[in-house]
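Asker: Next come the chains, spelled out residue by residue.
2 protein chains.
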Amino acid sequence: METEVTLIEVAPRDGFQSVKEMITTSDKLAIIAALARAGLQHIEVGSFVSPKAIAQMADIAPVLQGVAQLPQSFECIVLVPNRRGAQLATEHVCQRLNFVFSASETHNLNNVNKTLSQSLAELRQVQSVVERSERLSLRVSLATSFDCPFSGKVNAQHTLALFQQVLDISPDAQLALCDTTGRAHPFAVRSLFERALALIAKPEQLIFHCHDTYGLAIANVAAAFEVGVRSFDTAVAGFGGCPFAPGASGNVATEDVVYFFESAGISTGVDSEKLKEAIALAEQIKGAQLGGSIRLLNRSKREASADA
Amino acid sequence: METEVTLIEVAPRDGFQSVKEMITTSDKLAIIAALARAGLQHIEVGSFVSPKAIAQMADIAPVLQGVAQLPQSFECIVLVPNRRGAQLATEHVCQRLNFVFSASETHNLNNVNKTLSQSLAELRQVQSVVERSERLSLRVSLATSFDCPFSGKVNAQHTLALFQQVLDISPDAQLALCDTTGRAHPFAVRSLFERALALIAKPEQLIFHCHDTYGLAIANVAAAFEVGVRSFDTAVAGFGGCPFAPGASGNVATEDVVYFFESAGISTGVDSEKLKEAIALAEQIKGAQLGGSIRLLNRSKREASADA
Numbered sequence: 001m002e003t004e005v006t007l008i009e010v011a012p013r014d015g016f017q018s019v020k021e022m023i024t025t026s027d028k029l030a031i032i033a034a035l036a037r038a039g040l041q042h043i044e045v046g047s048f049v050s051p052k053a054i055a056q057m058a059d060i061a062p063v064l065q066g067v068a069q070l071p072q073s074f075e076c077i078v079l080v081p082n083r084r085g086a087q088l089a090t091e092h093v094c095q096r097l098n099f100v101f102s103a104s105e106t107h108n109l110n111n112v113n114k115t116l117s118q119s120l121a122e123l124r125q126v127q128s129v130v131e132r133s134e135r136l137s138l139r140v141s142l143a144t145s146f147d148c149p150f151s152g153k154v155n156a157q158h159t160l161a162l163f164q165q166v167l168d169i170s171p172d173a174q175l176a177l178c179d180t181t182g183r184a185h186p187f188a189v190r191s192l193f194e195r196a197l198a199l200i201a202k203p204e205q206l207i208f209h210c211h212d213t214y215g216l217a218i219a220n221v222a223a224a225f226e227v228g229v230r231s232f233d234t235a236v237a238g239f240g241g242c243p244f245a246p247g248a249s250g251n252v253a254t255e256d257v258v259y260f261f262e263s264a265g266i267s268t269g270v271d272s273e274k275l276k277e278a279i280a281l282a283e284q285i286k287g288a289q290l291g292g293s294i295r296l297l298n299r300s301k302r303e304a305s306a307d308a
Numbered sequence: 001m002e003t004e005v006t007l008i009e010v011a012p013r014d015g016f017q018s019v020k021e022m023i024t025t026s027d028k029l030a031i032i033a034a035l036a037r038a039g040l041q042h043i044e045v046g047s048f049v050s051p052k053a054i055a056q057m058a059d060i061a062p063v064l065q066g067v068a069q070l071p072q073s074f075e076c077i078v079l080v081p082n083r084r085g086a087q088l089a090t091e092h093v094c095q096r097l098n099f100v101f102s103a104s105e106t107h108n109l110n111n112v113n114k115t116l117s118q119s120l121a122e123l124r125q126v127q128s129v130v131e132r133s134e135r136l137s138l139r140v141s142l143a144t145s146f147d148c149p150f151s152g153k154v155n156a157q158h159t160l161a162l163f164q165q166v167l168d169i170s171p172d173a174q175l176a177l178c179d180t181t182g183r184a185h186p187f188a189v190r191s192l193f194e195r196a197l198a199l200i201a202k203p204e205q206l207i208f209h210c211h212d213t214y215g216l217a218i219a220n221v222a223a224a225f226e227v228g229v230r231s232f233d234t235a236v237a238g239f240g241g242c243p244f245a246p247g248a249s250g251n252v253a254t255e256d257v258v259y260f261f262e263s264a265g266i267s268t269g270v271d272s273e274k275l276k277e278a279i280a281l282a283e284q285i286k287g288a289q290l291g292g293s294i295r296l297l298n299r300s301k302r303e304a305s306a307d308a
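The listed protein sequences derive, respectively, from chains A and B.
If you count by the working numbering, then the first sequence holds residues 1 to 308, one letter each, in order.
If you count by the working numbering, then the second sequence holds residues 1 to 308, one letter each, in order.
Treat each hint with caution, since some may be false.
Copies of the same chain look alike in the list, so a pair counts if it works inside one copy or between any two.
Unchecked claim - Pairs of lysine-lysine, DSS-like flavour, derived with a Cα cap of 25 Å: (1) 286 x 301; (2) 52 x 153; (3) 20 x 153; (4) 286 x 202; (5) 20 x 301; (6) 153 x 301.
In case anyone wonders, no lab produced these hints; they're calculated from the structure.
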C-alpha cells in the first residue's frame, strides 16, 4: 500500500547531535536498523560537519558503512553544511544530501558564519556536486523559517522570497521549512505552507520540520497537513531536546505523528508496534533528551501493569 | 478588554479528584485563589459527590465557604452527579452546577450506574432545582462524547441526538462535549463541533473539555476554535492524569492553552506570569499527576539557568 504521508526520521542526526556523551557507532546503527525495521523509508543518519563543531557526528563514515550493510533499505540522508561536506558525501553510500541554512540572517551568521547571500552561493556549489553525481538527490532545509531565537518572528514574505531563490537554484530539490524554535503557531504554519505550495511544482517536494518545545507540534502538523503538506520530519522518542532549554522537548516524536495520522486512518507506512523497539533503544542512550506523549503514556501503562 | 476565548479552570475538581493523598482544604483554597488572581473567571472548585465514591471531594462545603471569602470574584462551579447533589449545592454559595453524564451508555452505567434514559430523567430533576433557585445556572457535560474507554469510538450521530435531548430539557444550559479518553482526533473534533454549533442558539453555550493523554489536546483545541468554539475547560499544570494509565497526561494544561491563544494575539484574560504561582502550588501537591509543555519548558529553563 502506498503511504499517504511520508515521515522522515531525523533522530540519528538532529537528535543525536544534542547528546554530549558520545554514542557508540554500534548503538547508532542499532537504532537506525530498528527504525528501518519499523518501516521508516527515509532516515537522516548524520552529518558531514567538522568534528570540532559537533563531535557526536565524527563517526559519520563508519555509520554510513554500517548503513550500507543493513538488510533493510531506505533513503539514507546526510546533512551537509557546505560544498566540502557535499564533496565528502560523494565518497560514501548515501542517497540524499540535506543542505541547511537559516531564513534568519542573524541565526545563519551565528550558526554557519555566513550571510544569506553567502549561503545561497554555497547552495549553488552543493547543487553542482549533486548534479555531477549519478546517485545523489538534494534537499534544502530553511532553518528558522518562522521564528528566530535571536530576532523573534521571521517575516513570511522574507522566508518565501528566500524559498523562491532556493527553487531558482535547485528546482528539483526537496524543500523543508523548519520551525527551529518550536514557536511557530498553527495559524502561521497554515498560512506559510499555503503560500509555499503555490510556488512549487510538486507538493511532495515540500517538508515540514517542527519541534514540540511549546507543545504546538501536533497542532502544527495538523495545520500543515490540512493545506496539503505530505512530508514531515520526525524523531523517534522526541529525541533532540531544545538547545535553549536543556530538558525541554525537541523534535516532534515519530510515534506521536504516526498516532496522529494512523488514528485518523491516514497511512504512514510505519508500524507502531515495531517502533517500540527503536523507542526502547533511544531510552537507553545516556544523556538523551526525550519527549513525546505516546511514549509517556505507554511507559505509564507499563508501570501501572507492573504495579498491579 | 473583553476576552475572545473563555477558559474554565477544572483542576480543583477534575485534577484534585485523581489524587489519592488528601489535599488539605487550605491547600485547595490557595490554588483556587492563585488561579483567580491569574485572571481565571470560571473555576470548578469541586463536586457534591458521595465521599464514599470520591473521598477527595468530601470537603466541598468548607471549600465553598473559603471561596466565598476570597477577595477575587469568579464564577464558582460545582459538579453534581444527581438531584441530591444539586439540592446540597443550593445550600452553599456557588453560581453554576455542572451535571455530568456519559454519551456512552456503557460508560454511564459504569460511572454513575444509570442508563442514558435514567440520566436524562435525573437531568430534568437537576433542571428543576436550578429553575427554583434564583442564583444558579446550569452546565451539562457529556462525558465520552467522542470515545469510550470500554466501547471505543462513540457514534457522532448518537452524541448529537443526546445533545439535542439535553437542549430540549435545558435550553439555556451550557453544554460541554468531553473527550474523556483523550483519543478524539482533530478531524472528529472539528466535525462534531460544527454539527453541535448548528443545533444551538448561542455559540457561547458550547464548551470543549479535552485531555492530553495522546498529545492531541492542543490540536483539538485549535480544531474546535477554528469552527467557532470559544469556551474551553483547562487544568493548571495539566493537573489530572489519566485514570487508565497513572502518570500519563490529564486535562489539557491551562498555561498551554493560554500560550496557544495569546501567542496568536487571541485574548484569554489570563496572565501567564501570575499563573506561574498557581503552577508552583500545584507542583507542591503530593501525589499530583501533572502534564503540560509550557510547564516543562519553564522548569527546564530554570534548571538550565541554575546550572549556569
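Asker: All hints are to be evaluated individually against the structure, with a verdict given for each.
Answerer: A quick look at each hint next to the structure:
1. 286 x 301: Both, since 23 Å and 21 Å are each at most 25 Å.
2. 52 x 153: Close neither inside one copy (31 Å) nor across copies (53 Å); limit 25 Å.
3. 20 x 153: Neither, since 29 Å and 44 Å both go past 25 Å.
4. 286 x 202: neither (41 Å within a copy, 54 Å between copies)
5. 20 x 301: Between copies, since 18 Å is at most 25 Å while 30 Å is not.
6. 153 x 301: Intra 39 Å, inter 20 Å, cutoff 25 Å: inter-copy only.
Hints 2, 3, 4 from the earlier list are contradicted by this structure; the remaining hints agree with it.
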